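J.: Residue numbers (my numbering), protein chains in the order written: chain A, 1 to 657; chain B, 1001 to 1198; chain C, 2001 to 2105.
All the pointers check out, no bait thrown in.
Listing some non-contacts, in silico: residues in chain B with all C-beta distances to chain A over 10 angstroms:
| # | residue |
| --- | --- |
| 1 | VAL1014 |
| 2 | ALA1018 |
| 3 | VAL1027 |
| 4 | THR1143 |
| 5 | VAL1154 |
| 6 | LEU1156 |
| 7 | ILE1158 |
Computed from the model, here is a short list of chain A residues facing chain C with C-beta under 7 angstroms:
| # | residue |
| --- | --- |
| 8 | ARG626 |
| 9 | GLN629 |
| 10 | GLY631 |
| 11 | TYR632 |
| 12 | VAL633 |
| 13 | ARG634 |
| 14 | ALA637 |
| 15 | LEU638 |
| 16 | ALA641 |
The set of hints was computed from the structure by calculation and includes no laboratory data. Being a predicted model, the structure only gives us computed values, none of them experimental. Built from N, CA and C at the ideal position, the CB exists for glycine as well.
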Amino acid sequence: MLDLTWVIPALPLAGFLVLLAVGRRLGEPAAGWIATLAVAGSFVASVVVFFGLRGHEEHHFTQTLFEWLPAGGFTVDVGFLVDPLSVTMCLFVTGIAALIHLYSIGYMHGDPAFSKFFVYLNLFVFSMLMLVLGDNLLITFLGWEGVGACSYFLISFWFSKDANASAGKKAFVTNRIGDWGFMVGTFLTFLALGSINYLDMVEGAAGLATTTATAIAFLLFVGAVGKSAQLPLFVWLPDAMAGPTPVSALIHAATMVTSGVYLMVRINPILTQSADWVPTLIAVVGALTALFAATVAIAQNDIKRVLAYSTVSQLGYMFLAIGSGAYVAAVFHMVTHAFFKALLFLGSGSVIHGMDDEQDMRRMGALRKYLPITAATFIVGWLAIAGVFPLAGFWSKDEILLFAWEKSPALWAVGWVTAVLTAFYMSRQVFMVFYGEPRWTDEGTHAEGEAEQSAEAVGAEPTSHQTQAAVDAHHGGAHPHESPWTMTTPLVVLAGLAAVGGALNLPFDDEFKFLEHWLEPVVIGSEAHSTASTALKIGLAVIALAGSIAGILIARAVYLRRQVAPEKIEKPILADAWRYDAAISAFVDGPGRKAFDGVAWVDRNIVDGAVNGVAAVVRTSGSALRRAQTGYVRNYALGVAAGAIVLVGVFLFVAVS
Amino acid sequence: MEAAVFAVGAVICVVGAAGVILNRNPVHSALCLVATLFGVAVLFIAQDAHFLAAVQVIVYAGAIVVLFLFVIMLLGVDRAEDLGEEPLVGQRPAAVVVGLLLGGVLAGTLAAATITGLRSAGGAVEAEESTPNITQIGRLLFTDYLFAFEITSVLLVIGVVGAVLLARRSSAGTNVDADEEVDEISSPRDREPVEESA
Amino acid sequence: MIAASTVDPAWYLGLGAVLFALGATGLLVRRNPLVMFMCVELMLNAVNLTFVTFARELDDVGGQVVVFFVLVVAAAEVVVGLGIIVSILRRTPGATADDVSLLKG
Chain A
1 MLDLTWVIPA LPLAGFLVLL AVGRRLGEPA AGWIATLAVA GSFVASVVVF
51 FGLRGHEEHH FTQTLFEWLP AGGFTVDVGF LVDPLSVTMC LFVTGIAALI
101 HLYSIGYMHG DPAFSKFFVY LNLFVFSMLM LVLGDNLLIT FLGWEGVGAC
151 SYFLISFWFS KDANASAGKK AFVTNRIGDW GFMVGTFLTF LALGSINYLD
201 MVEGAAGLAT TTATAIAFLL FVGAVGKSAQ LPLFVWLPDA MAGPTPVSAL
251 IHAATMVTSG VYLMVRINPI LTQSADWVPT LIAVVGALTA LFAATVAIAQ
301 NDIKRVLAYS TVSQLGYMFL AIGSGAYVAA VFHMVTHAFF KALLFLGSGS
351 VIHGMDDEQD MRRMGALRKY LPITAATFIV GWLAIAGVFP LAGFWSKDEI
401 LLFAWEKSPA LWAVGWVTAV LTAFYMSRQV FMVFYGEPRW TDEGTHAEGE
451 AEQSAEAVGA EPTSHQTQAA VDAHHGGAHP HESPWTMTTP LVVLAGLAAV
501 GGALNLPFDD EFKFLEHWLE PVVIGSEAHS TASTALKIGL AVIALAGSIA
551 GILIARAVYL RRQVAPEKIE KPILADAWRY DAAISAFVDG PGRKAFDGVA
601 WVDRNIVDGA VNGVAAVVRT SGSALRRAQT GYVRNYALGV AAGAIVLVGV
651 FLFVAVS
Chain B
1001 MEAAVFAVGA VICVVGAAGV ILNRNPVHSA LCLVATLFGV AVLFIAQDAH
1051 FLAAVQVIVY AGAIVVLFLF VIMLLGVDRA EDLGEEPLVG QRPAAVVVGL
1101 LLGGVLAGTL AAATITGLRS AGGAVEAEES TPNITQIGRL LFTDYLFAFE
1151 ITSVLLVIGV VGAVLLARRS SAGTNVDADE EVDEISSPRD REPVEESA
Chain C
2001 MIAASTVDPA WYLGLGAVLF ALGATGLLVR RNPLVMFMCV ELMLNAVNLT
2051 FVTFARELDD VGGQVVVFFV LVVAAAEVVV GLGIIVSILR RTPGATADDV
2101 SLLKG
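One chain only, chain A, in its complex shape (with noise of 0.2 angstroms):
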């Protein structure tokens, strides 16, 4: 059954190139179904591996292709890894793609470029296994610029808007910075251990100098906060929102964004070998960064931008986790993240599809009887992401900050007030959404030039049957209306994941922690284990859910019962992003286009100039040197007779001596 692993990866492959051959002409709704199928029955191949490595006598299973890179002393084999942590990213990345496949066949219905959007989207699940499955550093990392090309791709689907090429290209180059920390850390792995195989780097962790697992581990998380848009290089992920709304549910909650801390806890051995301040960096990085990202989510307006900030604040508590060395509880959260933030977002979209391509939230409002189905299972995701108990994420979110109390209490303190305000930014959207008075009802060109602005400001998505104009007449009378079951039905899935996915490592009794257990091989030697007693957990629980509560309480105070104005908890520089992006303009504009006219200054003078002063050494000494041909025979004569008197004496000289 385990020999079955190379199915996971190729059915998304085989998937790609049919669709890329044939995809036009198979045109609507073939080509969405096919490359669902092919995720489909990747994730059919997830299972049984998952199966077959339960059954396994040992706790991995190598599967070697073939040889990639023979260069001497260095070897790369195109080989897969399926150990607990491979195999249970798989299973829910192929999952939920399978998933969003499905929804997707409903949301891009009209587009022309439907087949398209198939091709990448399988091209990236291909590219996402590939970075879960490899065996060495080197096959992750063609995943993981396999996953940011396809994110190129998709954010900038509709490039024909000069915002979405943008957005593109911004998240390109950002995950490139980030990219620099992986390959110099991949390079330093090679250096140290003489290999980049995950199994040998384990194996070898325990005899590196700590300096140098330091080096790798921090050049690695780089990598990992780059692709997991961690502070400082998270300013991709809010305008990736660009994109068709599944891209962002998949790519951009679920999968693409998980990278980064599956890197960190692939590489456990090496973050523990390491000093200890990059385990508290990775810590501070993650609370500071889920912080700040909730602060800006709770004034956005567009309702993909604010699931955005709370992808990048949930990302955040996952490297929070990584750095308290709670591994486990990281890939827990991840896994729950991936449900209940996958499920927001295609509820969004969701909304988005049933409001006619409207984003903006205050143009929403009310639409719980209009759209039932999409209501109820976004709250079912509301209330899991703040964590409100039995739901999944108050299971997941306690682990993370009891081990955060337990390495520091005021990491714990940061996650806490997070906590709150996730739950409060939340609550805002689904009382802006589906409480509170219909807003888009009256209207009028007060109205159009309103949406004008924010379709502008958040790179609306339009789709075919849909012109602008149609879209502005619309608004006179926006008729909300309920999806097709093309796309409820991957709701109500997650919903039910997210409802019970709290399920798979309950704090109660170790016979309860499913995944702690199954993870045990992958961890252990790094795992923190917790000393805290009954009464502590209890009691952190509580504040947890209390903060929670008075998150939701708050919000209703605010936003249903109107009680205390919005604008004085919006503040605009929480709207702007603590004014990051416009900071880094600046400082590109400013500093650094001093340091680019500098390098281009030495290029022009130093470079050029060594490169010119060659050719004008040869060009002044050539003419000093023709004036010996002055084309005298006896000028000629004499530097013979000269050349023959120094050869003498140079025979003269030798035979004397």
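Chains B and C: place on chain A using the hints.
T.: Frame of chain A; chains B and C shown alone:
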């Protein structure tokens, strides 16, 4: 005895050589060259190279120098050359220095060296009484150095053909020089048109 | 065998060196092409003298044979050289060695 002969011959040589390089009139130079050649011939005889002495006088002094004189007369370059002026800057002092140095290093080589030559197999000089010098040379020429001998004869033929070609004038009256195609390049002295004589 | 020479061969070689130096100097100083040529002949003669001296010294007739060849080649050389000089001087009478400076660069 030989020393006296050497002394006389050496004096003639050196005086003649000085005459060659110092005379303004080229005809005088040619005559001084004859003197030097005679001196060299005398020295050849002193060293038992009788055949060579004869050949030297006949060929060098008798033919080559005569050829020189013919050309001098033909071209009318017997006008005295002004030795005072030297258009090339620094040429004269350099020439003097070079000459002195050249002589110096050669003399130095002589002083520092010992003669250790390798003899040729069949080349030992026999006494004049047993075999005349000319026989010895002839024997060597037609055995060991036969190929060079033949090549040299070919060289002479080529030389004759070349000389005829170089100096030819065509019957039509225009110069058929070997270097005719560079007619357009003019020399600084070529202000007045070339005198064409049929 | 030849009677041992009473004159040290070094004298002859020294004379050859002097003649050669004189010829070289003359070649460098004089401008008239014919006189320059004569200086070349001087140098050749110096070489001939040296060869003959060595022939006697080393007891080898080959040296004299070399002189023979030098003579022949010198003759051919004079023929061709004078032919060239005639061609040049016929075109530009009164030309000196300095006027043949087309290779100036």
